[in-house]
Structure formats: structure tokens, C-alpha cells
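S.K.: Next come the chains, spelled out residue by residue.
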Amino acid sequence: MSQAIGASERAINRLLSVAHVLEEPRLARLYTYILREDKATIDTITADLETPRTTVYADTGTLVDLGLLTRDESQKTHTYTATPIRLTTNLDGDTYTITPTLIEAVGRTSNDRDLAFVVERYGLGKLAAAVTYAVLYVDGEMTERVAARELDLQPAVGIAVLHALREVIQDMRTHDPYFDQIRNARTEAANRDS
Amino acid sequence: MSTPSDSTAWIADSGLFIACGRQENTKYTALERFATHNQITFVVPQHVYEELTGAPAQSTPGQIPIDSAITSGWVTVSEELDYTNSTIATVMDRTQSYLS
Chain A
1 MSQAIGASER AINRLLSVAH VLEEPRLARL YTYILREDKA TIDTITADLE
51 TPRTTVYADT GTLVDLGLLT RDESQKTHTY TATPIRLTTN LDGDTYTITP
101 TLIEAVGRTS NDRDLAFVVE RYGLGKLAAA VTYAVLYVDG EMTERVAARE
151 LDLQPAVGIA VLHALREVIQ DMRTHDPYFD QIRNARTEAA NRDS
Chain B
1001 MSTPSDSTAW IADSGLFIAC GRQENTKYTA LERFATHNQI TFVVPQHVYE
1051 ELTGAPAQST PGQIPIDSAI TSGWVTVSEE LDYTNSTIAT VMDRTQSYLS
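As given, the protein sequences belong to chains A and B, one line each in that order.
The working numbering puts the first residue of the first sequence at 1, with every later residue one more than the last.
The working numbering puts the first residue of the second sequence at 1001, with every later residue one more than the last.
These aren't lab readings, by the way, just hints derived from the structure by calculation.
There's no promise every hint is true.
[As the list claims (entries may be wrong)] Just so you have them, the derived chain B footprint on chain A, three or more residues with Cβ under 8 Å: (1) 84-96; (2) 150-156; (3) 160-174.
What you are looking at is a predicted structure, and each value in this text was computed from that prediction instead of being measured.
No residue lacks a Cβ here, since even glycine has one placed at the ideal position from N, Cα and C.
Please model the complete structure; the sequences and the hints are all you need to start from.
M.R.: As C-alpha cells, this is what we get:
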């Protein structure tokens, strides 16, 4: 019984943690940086992300509290590792699995005007949908123009967003252990049409 | 080194300008330099111009200085491509086949 309660608690807490990171591009960027690096110290984070040390301390602390980072305190210099995220949402049969690839896309909104524009104008859901089309685009299964049309974005904006996400997909394919679980846009289109 | 002669190159899709204009814009500057150095005028169909100028100002395509490129003379806007023209149709087919 206590084990079942523990699992429920863990699931809800993880949901809230992921939601928190999706709302904070700086935390998202830090999380996926550490995931890609496997291990990181405050020094390496400060240097690579060009972020003030005080901010890095605060943000790593937040991510540890959220259960998305683990701090190894066995050595004098603490190291951080990231816990891979996989969160599947299901709303009346519509599902989406949030993985580190979406977190990376959110992280890039802090310095990519096209990704920032999509989130600001259309919301995070549009960015999540764009990620699913970007996988097809990068794999050469769909042109950027068709993907932009399917996403119902102004053509030039859609193309710019797909160009931005191409870099995300290429970077995360090898670092996101749940990359294959990103919803396939073709499935989404088929479900919509049926 | 001989000076290249004036020539034109058709750009049938807005993707080139968007790719060059993303983020720090250095590729766009390089594209302009390439065009002016080689005395090439890029010809874009009306719909490409409209896609770029119709994009919101906060996005990359909305910030591409296509009008100043036109004023400078290294980009010009034309009528739409005639896809019934066999040469145009062949080039477009080959391009799409290459992309897929």
C-alpha cells in the first residue's frame, strides 16, 4: 500500500517538476546541458553556459529539489547528473510523451527568436507539435514547407521554426534516451483525419 | 583574376533567405557579399517576397532586410514562375526529387 502511494506521489511530483522546467527556459537549458554532458560541476556549467555562478548554484539547487538532477557530494567538488525525463500525458485519448528533446527546445527559446516567437504567440503545445514534425523533416520524410502547412504556421515562420528544431533534433537524438517515444507527426495526422 | 559578368540566379523558395538570416545573420551578410562580388542578382518570385515580408516582425523572416537588398540591387522581385514552362518544370521536379 505504502509502495502504491509512493508511486502516485512520485508521478504527481514528477509531473509538477516537468511543468516547472517547461515554464523556465533557463532551467530547461541547464537540465539538457547536464544530460548531454553526463556529469557537470558548477565550474564547467558556469563556463560553458556563460551564466553567473550564483545563478548556477540557485538553478542546480532548484533542479535537485525537483528531482531532475542528482548531486554527488562524495568528492570535494560536487558533480551533477541529470535524470532522463519521460512523461506521457493522455487527454481523452490524445497522448504526448514529453522527453528531454522537448525540454531542449524550450531551453533554446531563451536565445532563439523563432522558437521564442512560437511559444509566445501559440503556446508550448505548438512547439511540442512542431518537434514531432521536425523529426520527420530531419529524417527527410517531409519537406519543411509541408510541415509548416500541417502546423498551420505562416510558411516563412514555419520554415524558420523547423530550421531551429533541426539543430535540436540532431543534438538530442543521441542524448535523449526516450527519443524514439516522441510522438510521430504522421500518427497525429492520421488520428486527426480518422 | 577576371571580373565575372553580370548574371541572375532564380531563388524559387524562401528557405535560402530564412536559413541565411537565422540568428547572428552572418550568413546573410555572406550571401550579400557573394552576390555583389560576383555581380549576381537573385531573382525571387512574388510569393517568396510576400512570404518574407508577411512574416511577423519578431521572427527571422520578418527581420530579413529583403527590401534593402532590393534597393541595393542584389535582389529583384519577378512575376511568378511559369510551371508550364518545360525547363522550369524540369528544374523544380529535379529539386523536389533531390530534397525527397
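S.K.: Mind taking a look at whether chain B covers the segment 150-156 of chain A? Criterion is 3 or more residues with CB to CB distance under 8 Å.
M.R.: Result for this restraint: holds, n = 3.
S.K.: Are three or more residues of the segment 84-96 of chain A within 8 Å, CB to CB, of chain B?
M.R.: violated (count 0)
S.K.: Taking a Cβ-to-Cβ distance below 8 Å as contact, does the segment 160-174 of chain A have at least three residues touching chain B?
M.R.: holds (count 3)
Hint check: a violation occurs at hint 1 only; the rest are consistent with the structure.
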